[in-house]
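Order-wise, the sequence lines are chains F and R.
If you use this note's numbering, the first sequence corresponds to residues 24 to 379, in order.
If you use this note's numbering, the second sequence corresponds to residues 24 to 379, in order.
Hints in this document: simulated from the structure, not taken from any laboratory.
Bear in mind the structure is a predicted one, so any value in this text is a computation, not a measurement.
Where is the CB? At the ideal position from N, CA and C, for every residue including glycine.
Please note that a few of the clues may not be correct.
What the hints assert, rightly or not - To give a feel for the contact side, a few chain F residues facing chain R, derived at Cβ under 10 Å:
id, residue
1, L131
2, G156
3, R168
4, A175
5, G229
6, G239
7, I270
8, N278
9, D282
10, R291
2 protein chains.
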Amino acid sequence: MSMKETSVVDVGGVKIGGDNPIVVQSMTNTDTRDPEATIDQINRLVDHGCELVRVAVPDEEAARALKKIIAGSPVPIIADIHYSPDLALMALDAGVAKLRLNPGNITLEREVRRIANAASARSIPIRVGVNSGSLDQEIIDEYGRTAAGMVASAEREIRLLEDQGFNDIIVSLKSSEVNITVDSNRIFADRYDYPLHLGVTEAGGGRSGLVKSAIGIGTMLGEGIGDTVRVSLTGDPVEEVGTAYDILRALDLRNHGIDIVSCPTCGRTEIDVQSLGKYLEMNMGDVTDSIRVALMGCSVNGIGEAGSSNVGVVGTENGGLLYVDGKYMETIEDDDIELMAEQIEESVRNYLNRGE
Amino acid sequence: MSMKETSVVDVGGVKIGGDNPIVVQSMTNTDTRDPEATIDQINRLVDHGCELVRVAVPDEEAARALKKIIAGSPVPIIADIHYSPDLALMALDAGVAKLRLNPGNITLEREVRRIANAASARSIPIRVGVNSGSLDQEIIDEYGRTAAGMVASAEREIRLLEDQGFNDIIVSLKSSEVNITVDSNRIFADRYDYPLHLGVTEAGGGRSGLVKSAIGIGTMLGEGIGDTVRVSLTGDPVEEVGTAYDILRALDLRNHGIDIVSCPTCGRTEIDVQSLGKYLEMNMGDVTDSIRVALMGCSVNGIGEAGSSNVGVVGTENGGLLYVDGKYMETIEDDDIELMAEQIEESVRNYLNRGE
Chain F
24 MSMKETSVVD
34 VGGVKIGGDN
44 PIVVQSMTNT
54 DTRDPEATID
64 QINRLVDHGC
74 ELVRVAVPDE
84 EAARALKKII
94 AGSPVPIIAD
104 IHYSPDLALM
114 ALDAGVAKLR
124 LNPGNITLER
134 EVRRIANAAS
144 ARSIPIRVGV
154 NSGSLDQEII
164 DEYGRTAAGM
174 VASAEREIRL
184 LEDQGFNDII
194 VSLKSSEVNI
204 TVDSNRIFAD
214 RYDYPLHLGV
224 TEAGGGRSGL
234 VKSAIGIGTM
244 LGEGIGDTVR
254 VSLTGDPVEE
264 VGTAYDILRA
274 LDLRNHGIDI
284 VSCPTCGRTE
294 IDVQSLGKYL
304 EMNMGDVTDS
314 IRVALMGCSV
324 NGIGEAGSSN
334 VGVVGTENGG
344 LLYVDGKYME
354 TIEDDDIELM
364 AEQIEESVRN
374 YLNRGE
Chain R
24 MSMKETSVVD
34 VGGVKIGGDN
44 PIVVQSMTNT
54 DTRDPEATID
64 QINRLVDHGC
74 ELVRVAVPDE
84 EAARALKKII
94 AGSPVPIIAD
104 IHYSPDLALM
114 ALDAGVAKLR
124 LNPGNITLER
134 EVRRIANAAS
144 ARSIPIRVGV
154 NSGSLDQEII
164 DEYGRTAAGM
174 VASAEREIRL
184 LEDQGFNDII
194 VSLKSSEVNI
204 TVDSNRIFAD
214 RYDYPLHLGV
224 TEAGGGRSGL
234 VKSAIGIGTM
244 LGEGIGDTVR
254 VSLTGDPVEE
264 VGTAYDILRA
274 LDLRNHGIDI
284 VSCPTCGRTE
294 IDVQSLGKYL
304 EMNMGDVTDS
314 IRVALMGCSV
324 NGIGEAGSSN
334 VGVVGTENGG
344 LLYVDGKYME
354 TIEDDDIELM
364 AEQIEESVRN
374 YLNRGE
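So here's chain F without its partners, still in its complex pose:
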């Protein structure tokens, strides 16, 4: 993997770009005007590993709530700004760690200049956040909703910021189409050193939202493009954080939590792999250390997978063969699946605590 070397931007102490680890972020979907509900959700996001949180700032009441939210948040807060330079200035006054500006609806030179100067005075970075759903009409007329149009939209805003001597910049180029998202980021990464914030926008919920996000973000990260990730899923944003780590773990870019390797089951399966997997997912979400656990229905691939995992269980007609670091330990009875699952959980927890 050839990593693209980007500049480093500091967001309230969290470094994005260069050779820093890929930062995981999300966005609240509470009403920002309700600081308590918003802080509650931020805390849940942080419990699951979220490192930066963005909040919508649709009006002045929301902007006024920012101070309380920032005071109550354990991680830096980013303000999401559309249309209004005044809301951007209010957010800066409240102490946000980054601004996201949409170059599709904050386009006037004097507006961008005002925001850049205020952000510069406070050393606050700006993300130029292009979204295919809100491109400026001029761009649509010239390019359509294409990768070239998205890059042109970012470039125009970047030039306005650079003209003010401002280059504390992060960029995102998000389309609801995976191919356009990937292409626009490739074009941009080829031309600029600014760190890239990755995401497929409006990916939707459920299975297809996960699939679109994983392919889009995964393809770019696999090419060495990207410095921070925000997965956009319809639903509880905690899922966005988990999915971001799933993507980073799948590519060996960051390790976080249990990596369950488990077979699809077939006519050979001897143990209830699906129930065991569900049990571990449900009961071990608190684990943030990295560990690989194999749950395999039979010995065909089971011995190999268990042998190359930290903890492994392989189905046989006599029960599950338990392996730890590739060594056979004992055979676990599979008559009671709950008991079996608890025994596996215990083995995993013992493994995680082995150094203590």
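Take the given structure of chain F and dock chain R to it, following the hints.
Okay, now just chain R, sitting in the frame of chain F:
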């Protein structure tokens, strides 16, 4: 996207390779010795768009059940063979449309020769199916469980087949690690023209299984590698078929069913996008025609997304603005979310039936 031109293999009338559409396949997890249960599951898979089905053949009783399964299946059946050349010959006698052989456990020259001759006499193709969990010990000793080792395992088996003049071959290289899966397929595609069957093995269930499969398979397809897809997920194989189509649709390689574009919701959201999306997913799984539906919480990206979708709904404080082919039609009340969802479903169904 540069498409890799591969040779074409005919699996019971389904063509894999060349410029044929990527074929979607899955595998039953019923007991193959129970033909009724297996045929029931095959029919469910086919209802969801599955084009080829593989069944495990762990013993002679399973091999004897194949004839009945093949007679009852609306799509060609593939036999999954490990260890035993005799089971491969029994499967050929029963009339399977393809054999999958594991080169990690069917390695002897005279065994491969016997199978190749019998398959050749019936014009039945063979998939050389390498799996990182069941590599031959000789390969592991020389290469470890690496991409190079997986390719070497495939090459050894291919040479044995080619020595018999047999080249009706499909190849798969599956690791439980995404990076190794992708790398081994890249190496292979660079050296051979045989069609590739893609999959990430033992991906697990739930979110992380989807993510691993989507990144691995999606990255390869994005590079023009791959001719047929089998997603391996712990659980109901119907999910594997849906996920395969989600991947192909995300990359614009095959269109199938409703593509829901929907925002992650935030402090600006005016309508219950998540419930609407769930309703459409639950109630419109029967749709196989291709249609893009946008469900957007507010106007920021909503107007743009609705404008470039077949049917779109954009939240405002007065209800949902309904767009059809980019044109505003009416405003739908959002007081009763069930009623609102039904109205959107009706618009989508009307759109799909517009030509009739």
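Verification of the supplied hints:
| no. | hint | in the structure |
| --- | --- | --- |
| 1 | L131 | violated (18 Å) |
| 2 | G156 | holds (3 Å) |
| 3 | R168 | holds (6 Å) |
| 4 | A175 | violated (16 Å) |
| 5 | G229 | holds (6 Å) |
| 6 | G239 | holds (8 Å) |
| 7 | I270 | holds (6 Å) |
| 8 | N278 | violated (13 Å) |
| 9 | D282 | holds (7 Å) |
| 10 | R291 | holds (5 Å) |
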